[in-house]
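Given next are the chains, with one letter for each unit.
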Amino acid sequence: MNTYAVREIPVEYLIYKINIFKKSLFIILAVSFLSLFFSKELSLGFFVGGLISMANFSLLSKYILRMRDFPLGKAKRFIISRFLIIYLIMGLALFIGITKGVLPFAGTALGLLTIKFAIFIDGVFSKYVKSS
Amino acid sequence: MLSQADLITIVCFIGAGISIGLGAIGPAFGIGIIGGNGLQGISENPKMEGPLLRTMLIGMSIASTTAIYALVIAVLLIFVITQGG
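So the sequences go chain by chain: G and H. Numbering follows this note's numbering, in which position 32 of the first sequence is assigned residue number 34; successive positions increment by one, without gaps. Numbering follows this note's numbering, in which position 62 of the second sequence is assigned residue number 69; successive positions increment by one, without gaps.
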């Protein structure tokens with residue numbers, strides 16, 4: 003039975019994760035609401051894609067914390083295998099999106115990139131707005 | 008003799024396979040390298056664990072973006088272009 007040593011989670015890591023979640027939730031809600039005026043399916047696709055993106059980001063952050071206790075080679079294999087699982091989840095989301103019609107697929111594909119937008123906005127915000 | 012539609016379907020599936028295969032391998036290795044080097048940095052300087060873990064998270068999230076693009080192209084090739092004929 004594998005037992006993992008209980009180690010504290012760095013506060014900076016937690017704070018950053020929460021910030022990214024807040025920003026991505028704001029992006030998802032704002033874009034989904036605005037796209038309602040254009041197409042309901044696009045809005046739904048973006049909403050679902052965004053939620054999946056947030057779930058994948060949460061999974062990735064948990065895997066990184068688990069990886070701390072592994073030796074180097076095992077850590078690399080662990081994170082690669084878990085990344086491929088996350089990739090499969092995204093593929094499943096896109097497959098479901100495409101079987102419903104082309105428009106939800108576009109929204110879902112855009113929604114899967116929500117976390118990247120949130121990270122970019124957080125970087126810009128912390129670099130330019132806080133320094134001014 | 009293969010019709011034009013069959014040929015397009017075959018080429019689309021081959022393209023989708025190449026897109027997924029190559030598009031996933033690169034980010035997967037990149038993420039492994041990020042993880043390994045990040046852990047090495049933490050072992051050398053445990054006080055910097057917080058910032059290093061944060062940087063690893065950012066790097067891994069951004070590295071997976073290319074994989075998402077490849078996945079989108081592959082799904083488009085399989086489900087949209089082949090159905091369109």
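Please keep in mind that the hints were generated in silico from the structure rather than gathered at the bench. These numbers come from a predicted model, not from an experiment. Hints are not guaranteed to be accurate.
Unchecked claim - Heads up, simulated DSS-like pairs for lysine-lysine below, C-alpha to C-alpha not over 27 angstroms straight-line:
| no. | chain 1 | residue 1 | chain 2 | residue 2 |
| --- | --- | --- | --- | --- |
| 1 | G | K64 | H | K54 |
| 2 | G | K19 | H | K54 |
| 3 | G | K76 | G | K24 |
| 4 | H | K54 | G | K76 |
Said to hold, decoys possible - Below, a sample of chain H positions facing chain G; criterion: calculated Cβ distance under 8 angstroms:
| no. | residue |
| --- | --- |
| 5 | M8 |
| 6 | I15 |
| 7 | I17 |
| 8 | N52 |
| 9 | E56 |
| 10 | G66 |
| 11 | T72 |
Glycine included, C-beta positions come from ideal geometry on N, C-alpha and C.
Results of checking the hints against the structure:
| no. | hint | verdict |
| --- | --- | --- |
| 1 | G:K64 x H:K54 | holds (20 angstroms) |
| 2 | G:K19 x H:K54 | holds (19 angstroms) |
| 3 | G:K76 x G:K24 | violated (32 angstroms) |
| 4 | H:K54 x G:K76 | holds (23 angstroms) |
| 5 | M8 | violated (31 angstroms) |
| 6 | I15 | violated (18 angstroms) |
| 7 | I17 | violated (20 angstroms) |
| 8 | N52 | violated (13 angstroms) |
| 9 | E56 | holds (5 angstroms) |
| 10 | G66 | violated (10 angstroms) |
| 11 | T72 | holds (5 angstroms) |
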